[in-house]
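Based on the sequences and whatever the hints tell you, model everything.
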Amino acid sequence: MNIEHIITELEQQDPELHDRMSSRRSAISGLASIGGKLALAAVPFALGSLFKKAYGQSTSGIVQVLQFALTLEYLEAEFYTLGAAAPGLVPAGPPTGAIATIRDHENAHVSLLKTTIISLGATPVPKPTFDFSAGDGSGNGPFKGVFSNYPLFLAVAQTFEDTGVRAYKGQAGELISSNDVLTAALKIHSVEARHAAHIRYMRRNLTANDTIKPWITGKDTGGIGAAVQASYNGEDVSAQAGINIVGINGTGVGVNAATEAFDEPLSKQAVLDIVAPFIV
Amino acid sequence: MAEKLNVPQEQEGHAMLSPKGQQRRRFLSLFAGTAAAATLMHACSNNDDPSPDNGVNLGGGDIGILNYAYALEQLEAAFYIRVTQTFFSGATATEQQFLTDIRDHEIAHREFFRNALGGKAIPTLEADFSKIDFNSRASVLGTAKAFEDLGVAAYNGAGKLITDGAYLLLAGKIVSVEARHAAMIRDLLSNGSFADSTAVDANGLDMALAPPDVLKVAGGFLKSKINASNLPTS
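Chains as they are written, first to last, in my numbering: chain A, 287 to 566; chain B, 705 to 938.
Certain hints may be false.
To be verified - Here's a subset of chain B near chain A, in silico, CB distances under 8 Å, partners left out:
#, residue
1, Ala812
2, Glu815
3, Lys824
4, Lys864
5, Gly869
6, Gly876
7, Lys877
8, Val879
9, Asp891
10, Gly896
11, Gly908
12, Leu909
13, Asn931
Claimed, not checked - Label pairs and their in silico Cβ distance ranges:
#, chain 1, residue 1, chain 2, residue 2, range
14, B, Thr937, A, Asn519, 35 to 43 Å
15, A, Ala494, B, Ala906, 43 to 51 Å
16, A, Ala371, B, Pro916, 23 to 31 Å
17, A, Ala527, B, Thr798, 26 to 34 Å
Rather than coming from a laboratory, the hints here were simulated on the basis of the structure.
Beta carbons: idealized from backbone N, C-alpha and C, even for Gly.
Next comes the structure, spelled out in structure tokens:
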């Protein structure tokens, strides 16, 4: 059993192996020196442990975040795909164009996340079965008729987008060790925020309610109500890093602007609780 | 017309990025579509040679990135303060409401960075808005669109340069609001352009730009020179 030979072969598959292991040089040389004494059966375990340090420790957390994101993107992609295809739901003209744009982005996010997960050596989680009435599979939840009632469709869309922004934000710190994955997640995150702003603008125009704005004021749901309050709780923060934003440094920044100027994260568990009724 | 960015209540900042030729081209071509673009790009290519030895030094590490954000927020806040002092002719009630909200958000960002940085904050920068016609809707909204898209790309690109998770989260809290602004301004110019192919690529990804690329564009609106030579690059 020649461990150095194995590593050489692996390097041909993964030219960056040595860099990944650069901080484990002593571990490698240590292993090599005792290699001759190890029982053949023990070697895979020793190597497994070594590679877990090189790959697993940093990527397993990252893969978990990506699987979580993939589940949310499956939800959004299917929601818009069904919505765009529902006869008579979305009015012709700009609304149809906007929903198609968002649908295509969400499907692209699904593809991108799957590819990334595979490239990290993991298997993408399968797409769940969804119940967009939020009825836990009964089809009879609070959003029953979401694909035949346009205002309701936009209300659910707004909640998904605002929640998606908060969900990605809550996971950014978990990705800090991987520049590439973090940057990709940030690029998705801001696109979700663009979607959220537009869906809110559509709702504002549809309802002629000028309190609905592209940004989130306090923890206001924009008239959607208690069914989605969990997606907005905590958005009413008016201090950041211990600094009170209201009237900061004698400026005229009011409490509404102070809450609108910063979007807040949601924990993974909070997001899972929010989407649970939509997943059968 | 150069204006002090620090009108009674404001200043601004902004922040982080990563390089990508294709995205940069996409962004610059976007810029080329705005009313002020031609002159702007001209100005960028000519007066933008930030000698590493002079100008306002942003510093290094996370502090440098926060100062970078602060610089961009100063620019944005100053712009919207000017916009809302005298709205372009024909500004609708909705436009006035949104532009006023955005002004206050940018002031909040600017002052937040100022306080968070404390003694390490860069000084107040001096803006140069001479290329903008504040009476023209196309000029104002075109510039706003460019600023907002630039801000999003800046924060997206700077995220990976931050080492402290708390700072990363703060940047994340701001960048999505900038993206909301960008989408709204785009919709005011052309309903449905909130995330069109000039902003979002075929993979559904927004842009990310590295600080030097962002500062080249932002520098066209600043009298003050920015020295970003100590910023982290990876």
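Hints, verified against the model:
1. Because the smallest distance between the Cβ of Ala812 (chain B) and any Cβ of chain A comes to about 4 Å, under 8 Å, the interface hint for this residue holds.
2. Here the hint on Glu815 (chain B) is kept, as its CB sits about 4 Å from the closest CB of chain A, short of 8 Å.
3. Interface hint status for Lys824 (chain B): violated, as the beta-carbon distance to the closest one in chain A is roughly 14 Å, over 8 Å.
4. The interface hint given for Lys864 (chain B) holds, since its Cβ lies 4 Å from the closest Cβ of chain A, which is under the 8 Å cut-off.
5. Taking 8 Å as the C-beta contact cut-off toward chain A, the hint placing Gly869 (chain B) at the interface holds, the least distance being around 4 Å.
6. At a threshold of 8 Å, the smallest CB-CB gap from Gly876 (chain B) to chain A is about 5 Å, leaving the interface hint in force.
7. A distance limit of 8 Å between C-beta atoms decides the matter here; for Lys877 (chain B) the minimum to chain A is near 4 Å, and the interface restraint holds.
8. For Val879 (chain B), the shortest C-beta to C-beta distance to chain A is roughly 6 Å, which falls under 8 Å, so the interface hint holds.
9. The closest approach between the C-beta of Asp891 (chain B) and any C-beta of chain A is roughly 6 Å, which is under the 8 Å cut-off, so the hint is satisfied.
10. Below 8 Å, beta-carbon pairs count as interface contacts, and Gly896 (chain B) has one with chain A at about 5 Å; its hint therefore holds.
11. The beta carbon of Gly908 (chain B) is positioned within 8 Å of a beta carbon in chain A (closest approach about 3 Å), and the interface hint is therefore held.
12. A cut of 8 Å between beta carbons decides the hint on Leu909 (chain B): the least distance to chain A is about 4 Å, and the hint holds.
13. Against a cut-off of 8 Å between C-beta atoms, the interface hint on Asn931 (chain B) is violated, since the closest Cβ of chain A lies about 24 Å away.
14. For Thr937 (chain B) paired with Asn519 (chain A), a C-beta distance near 39 Å keeps the hint of 35 to 43 Å intact.
15. Distance hint check: the CB atoms of Ala494 (chain A) and Ala906 (chain B) are about 35 Å apart, inconsistent with the given range 43 to 51 Å.
16. Take Ala371 (chain A) and Pro916 (chain B): their Cβ atoms lie about 45 Å apart, and the range 23 to 31 Å is violated.
17. Checked against the given bound of 26 to 34 Å, the beta carbons of Ala527 (chain A) and Thr798 (chain B), roughly 33 Å apart, stay inside it.
Checked against the numbered hints given earlier, this structure breaks hints 3, 13, 15, 16; the rest are met.
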